[in-house]
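Keeping the supplied structure of chain U fixed, place chain R upon it in accordance with the hints.
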Amino acid sequence: MPKKSEKKVDVEKGFKELEQIAAWFEEGGGDLDEGLKKFERALAISKDLKTRLKEAENRIQEIKKGFEE
Amino acid sequence: MDSQSAIFSVSDFITHVNMVLGESWDMSYAVEGEVSGYRVSRGQWVSFDLKDDDTLVNVFLPVWNLHIPIEDGMRVRVYGKPRVYPKYGKFSLSAEKILPAGEGELKKALLALRLRLEKEGLFDPTRKRELPRFPERIAFIGSKESAAYGDFVRILNERWGGVHIDVYDVLVQGDRAALDVAQAVRRTQSIPYDAIVITRGGGSYEDLMAFNDEALVRAIHASKIPTLVAIGHERDVTLAEEVADVRASTPTDCARRLVPDRRDTLYELQVTTDAIERAMELFLEERRVALAHAMSAPSLWLRTHSVNVSHLAERSLSAFDRWFASLQERLETSTRVLASYDPKAVLKRGYSILRDADGKKIVSVSNLSFNQKISLTLADGDAEGTITKI
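Residue numbers (the numbering used here), protein chains in the order written: chain U, 11 to 79; chain R, 17 to 406.
Worth double-checking, as some hints may not be accurate.
Over 10 Å on every C-beta distance to chain U, these chain R residues come out as not near it, computed from the model [to be verified]:
| id | residue |
| --- | --- |
| 1 | P141 |
| 2 | N173 |
| 3 | V179 |
| 4 | G218 |
| 5 | G219 |
| 6 | D252 |
| 7 | E258 |
| 8 | L285 |
| 9 | H309 |
| 10 | S312 |
| 11 | F340 |
| 12 | E400 |
Distance windows between CB atoms, simulated [to be verified]:
| id | chain 1 | residue 1 | chain 2 | residue 2 | range |
| --- | --- | --- | --- | --- | --- |
| 13 | U | K26 | R | S63 | 50 to 58 Å |
| 14 | U | E72 | R | F107 | 43 to 51 Å |
| 15 | U | K75 | R | E297 | 52 to 60 Å |
| 16 | U | A54 | R | S326 | 52 to 60 Å |
| 17 | R | S326 | U | L46 | 39 to 47 Å |
| 18 | R | S326 | U | L42 | 34 to 42 Å |
| 19 | U | E72 | R | G190 | 17 to 25 Å |
| 20 | R | Q286 | U | E72 | 33 to 41 Å |
| 21 | R | D191 | U | E72 | 22 to 30 Å |
| 22 | R | A329 | U | Q30 | 55 to 63 Å |
| 23 | R | Q60 | U | K75 | 15 to 23 Å |
| 24 | R | Q286 | U | L42 | 25 to 33 Å |
Below, simulated EDC-like cross-link-like pairs (lysine to aspartate or glutamate); rule was C-alpha separation at most 20 Å, straight line [as the list claims (entries may be wrong)]:
| id | chain 1 | residue 1 | chain 2 | residue 2 |
| --- | --- | --- | --- | --- |
| 25 | U | K60 | R | E293 |
| 26 | U | K47 | R | E301 |
| 27 | R | K377 | R | D358 |
| 28 | U | K47 | R | E293 |
| 29 | U | K26 | R | E146 |
| 30 | R | K160 | U | E72 |
| 31 | R | K106 | R | D28 |
| 32 | U | K75 | R | D182 |
| 33 | U | K23 | R | D210 |
| 34 | U | K60 | R | E174 |
| 35 | U | K74 | R | D182 |
| 36 | U | K57 | R | D277 |
| 37 | U | K60 | R | E48 |
| 38 | U | K57 | R | D280 |
| 39 | U | K64 | R | E152 |
| 40 | U | K75 | R | E161 |
These are calculated hints, taken from the structure and not from any lab test.
Backbone N, C-alpha and C define an ideal beta-carbon position, used for all residues, glycine too.
Next up, chain R with everything else stripped away, as it sits in the complex:
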């Protein structure tokens, strides 16, 4: 017996088992059950138990194969293959695709995911940032072929100009959409954008499902750049919109929220400029008044003083005049008095001066002698004579 037995190495055995299991199972088969113990490790590997009443099987898959929110208690259909994981010898259902067992299940799971993320604080309104008022450079993440893109660009051009837009053309529906969008969000992080716009137009519940993807929601939450998200129509609110800093209802609304209307801004600019011009006029007027006030004091002082000075000058001048007049009068009087003392004037009145031969004045007859020579001075000339009688 023993000699006929085949001897397998452990790894060969597992390879053999996996081959047999693989052949025995059709990929179109699905296993339906309830999720339990759902967890994501290192952001890459999803595992949970799929249960019946008494039975369970481990389900294992990479996170990028999961496109619906999964929560414990949810009923799902798992497509994949049975497999023993060689490293641990653990049997699991290696999933390729997981679908909700019904739309009701999906809604329930989505609600549960929403509550979980909300509890974690991802939708906290206090952490929401405002978009810059005048963005210069933005990232557009969406399908370049879509009507959403056309609407966004058209409205943007109508309202504003000079914005640099980098378009990240991504899939916006289907299995790869969430991953595609999340990758684009991560790529934008190294570029100094003022805002990231993520948008797509309306679609079915399933079409919009990519924007409820947990990994995408977390990528948007982790963005250092403010995010503006509009998915579908106004009535559809995806988790990507809830986590965004600003939510817009449609791609058109996105453009409106992103940039101001240039007419409004020009008007605002005019109002501000006018206000500054008026303020400047007032500013100058205040200074003119202040200057006039400052100047009036010295000029008043000057006026007062100039009046004083002219009064003083007038007074001095008249005093001088009076002094001069009296001086002149005194001079004239003195002249008259002096004139009266002039000996020539006396001679004119008929007197004469008698001198001896030496020129000495003789004022008495006692000084005269007989035959003495004398000289006479009259008003108009001199004469000589001899004393003949005393």
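Here chain U stands alone, though its shape is the one from the complex:
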């Protein structure tokens, strides 16, 4: 079982969530507590994504030919 911290960040989902948070703030209004929570979440996602984007290596694996076909 991989530890939670080792779980790969889903870049696509991360960006989508960030955009949603940005849109939420742009819309204005909203509860203060909710706003603070969203802001914290945005900072956390942003940090995760930055770390993920700095990942340099691509992992290459060769798939052996199957003879079943």
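What follows is chain R alone, placed relative to chain U:
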């Protein structure tokens, strides 16, 4: 005569005929003619008639022996052997290899195949899917030894990281290439890839022909996973590229289309994060203003009321002072008045009080008698005496 005749069973006869036919024919011979009635049954068996002006012969072959697009009217050279198919007793030319009678023929056939597949809707732009913006796991189908593979991986590493790439090392030219690639495409279908990349570098018209193979084109068309295909150079467009969801011009272009540049993405991330930070500041500022506004009303109320209260207190206090002063004045007056009524004060002025022996005040001489004992009260003491004259 009859007794000298050999008796063959039907199957022996066909076996004999096929043996004779096989021996009589050299595999290097080719029969050239025009294709008519081309069809593929169950996706496996190809058959058509090869015609002259007045003559025809049936040609039969498994689909994997066919490496060029064939259309009715095309002139081809068929290599194979004459054979009677035992089950139906049907004579045909069992083909091992089919080549176009000339490059012009091949181009014509390719054009016809392209039109047929286009009509069928295989190249319909509305069914093309977009590649995911940030693929995590992809299948690379190509030759691991090729420059195309090297270019693809190099550009991919330059732009992006953390992608899991499964490499399906396949033949990308020759008779088996189309089949090899199509099999790899089918194998990928059970794995949750974000995209399939099929690529090879430039080559001759014949080298790239495998990527015009109908079965391969159909395998790519059937893919549940979005496909990205780049074959040869920009000017060569194979059917495999036309059917792909996304077409790239070269293996390098493939890598560029597959992943974003991390610098662009980091910049975009920064822009979005900055926007959220600014929005958050604005969000807080709006609430500070709202809070200040909300607070100003009660404090204003409080200020107004505290002024009122102090006015009231002042007024009460001065009223009390005045009341107290008048009270004091009245008290002093009363004291003075009362003091004037004090009998001792009268005695001091020279009066005295006359009482009989019982202490009863005597205010008239008619109440006096001769030799009567009396007492006198003066301001500073009492005295006694006797009446000697009335």
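Q: Identify every previously stated hint that the structure contradicts and give their numbers, smallest first.
A: Hint check: 2, 3, 8 and 37 fail, others pass.
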